[in-house]
Amino acid sequence: MRNKFKIASSLGAAALLLSGAAMAAPPTPFGNWTVNGAGDIVDDTGAPSPCGSGAVTGAGFQQCELTINNERYIRTRIADATFESEDFIKIGANNSNTTGNGLASTMTINDGAGFQTSAQIMTGWGVANAGTAGANRSEATLGLTLGIAESSAGAFDAFNATFGVTAVTTSAGVNQISDLSVGQTVGLGSSTDKQRFELRNVGSEQALWAGQSVTAAGDFSITVSKTLATGAVIGTTTNLGSTAADASVWTSAFGPAPTF
Numbered sequence: 001m002r003n004k005f006k007i008a009s010s011l012g013a014a015a016l017l018l019s020g021a022a023m024a025a026p027p028t029p030f031g032n033w034t035v036n037g038a039g040d041i042v043d044d045t046g047a048p049s050p051c052g053s054g055a056v057t058g059a060g061f062q063q064c065e066l067t068i069n070n071e072r073y074i075r076t077r078i079a080d081a082t083f084e085s086e087d088f089i090k091i092g093a094n095n096s097n098t099t100g101n102g103l104a105s106t107m108t109i110n111d112g113a114g115f116q117t118s119a120q121i122m123t124g125w126g127v128a129n130a131g132t133a134g135a136n137r138s139e140a141t142l143g144l145t146l147g148i149a150e151s152s153a154g155a156f157d158a159f160n161a162t163f164g165v166t167a168v169t170t171s172a173g174v175n176q177i178s179d180l181s182v183g184q185t186v187g188l189g190s191s192t193d194k195q196r197f198e199l200r201n202v203g204s205e206q207a208l209w210a211g212q213s214v215t216a217a218g219d220f221s222i223t224v225s226k227t228l229a230t231g232a233v234i235g236t237t238t239n240l241g242s243t244a245a246d247a248s249v250w251t252s253a254f255g256p257a258p259t260f
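Anchor point for the sequence shown: position 87 equals 87 in the numbering used here, and the numbering is continuous, going up by one each time.
No lab work stands behind these hints: they were computed from the structure. Heads up, some of the hints might be wrong.
Unchecked claim - Derived DEER-like restraints, expressed as beta-carbon distance ranges:
no.: 1; residue 1: L240; residue 2: Q184; range: 16 to 26 Å
no.: 2; residue 1: T238; residue 2: S191; range: 33 to 43 Å
no.: 3; residue 1: D40; residue 2: G235; range: 48 to 58 Å
no.: 4; residue 1: G39; residue 2: E150; range: 25 to 35 Å
no.: 5; residue 1: T238; residue 2: I177; range: 22 to 32 Å
Every value quoted in this text rests on a predicted model; they were computed, and no experiment measured them. Virtual Cβ for every residue (Gly too), placed ideally from N, Cα, C.
Whole structure, please, built from the sequences with the hints as guidance.
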């Protein structure tokens, strides 16, 4: 029950975003910190700064007020064996940033058995183009990894799936996906036999690669890229006998080409 309350308190950042409340990213990157054997939050020596003696603390909990570049924030950190979060709220009437007060949240859940999810949400003064004409209302990055180990040693039937997305809400309230990646790998019963695919959206274009290696049937792959708005195909290659992605279709614009 204690863990459920912790998760609910951090996920409140997402609820605020959906309700239209002003939120924001931290003034510097989220900190690196640890939890000691007693369950206490331990500050690092890097940015943004340690909490100091005025912190409210408990097992897996720390909250304090920080002043950074003459701006005041409340920072909350929560952690247990599988969950970790850090939130910033800007406070005070002398806020010099005209984009307003808000909150930024980063969260990770990792059960240690193949499941991991993460989220980082930023709005208001924390978005990348804050303070400029037409600044985004919000920016969010979400990730998910799911891995299932072999049913037994040498079974070669493991499964792995990944998902990542970066989304923004523009100044006009339009929701846009600036980056999307989906991947999956499936073992087919031997060390050499498997299926794998990767899909990636970057800007206005999408690339898809799928490869398969089966002892009886041989290697196979297909690489396709297209324009998202119209669906028009930019390039496509089908390759019998090779699992390699076609670099002329999966260009460097989509990031490193997937490998089998």
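Going through the hints against the structure:
no.: 1; hint: L240 to Q184: 16 to 26 Å; in the structure: 22 Å, holds
no.: 2; hint: T238 to S191: 33 to 43 Å; in the structure: 26 Å, violated
no.: 3; hint: D40 to G235: 48 to 58 Å; in the structure: 55 Å, holds
no.: 4; hint: G39 to E150: 25 to 35 Å; in the structure: 34 Å, holds
no.: 5; hint: T238 to I177: 22 to 32 Å; in the structure: 28 Å, holds
Of the numbered hints listed earlier, the single one contradicted by the structure is hint 2.
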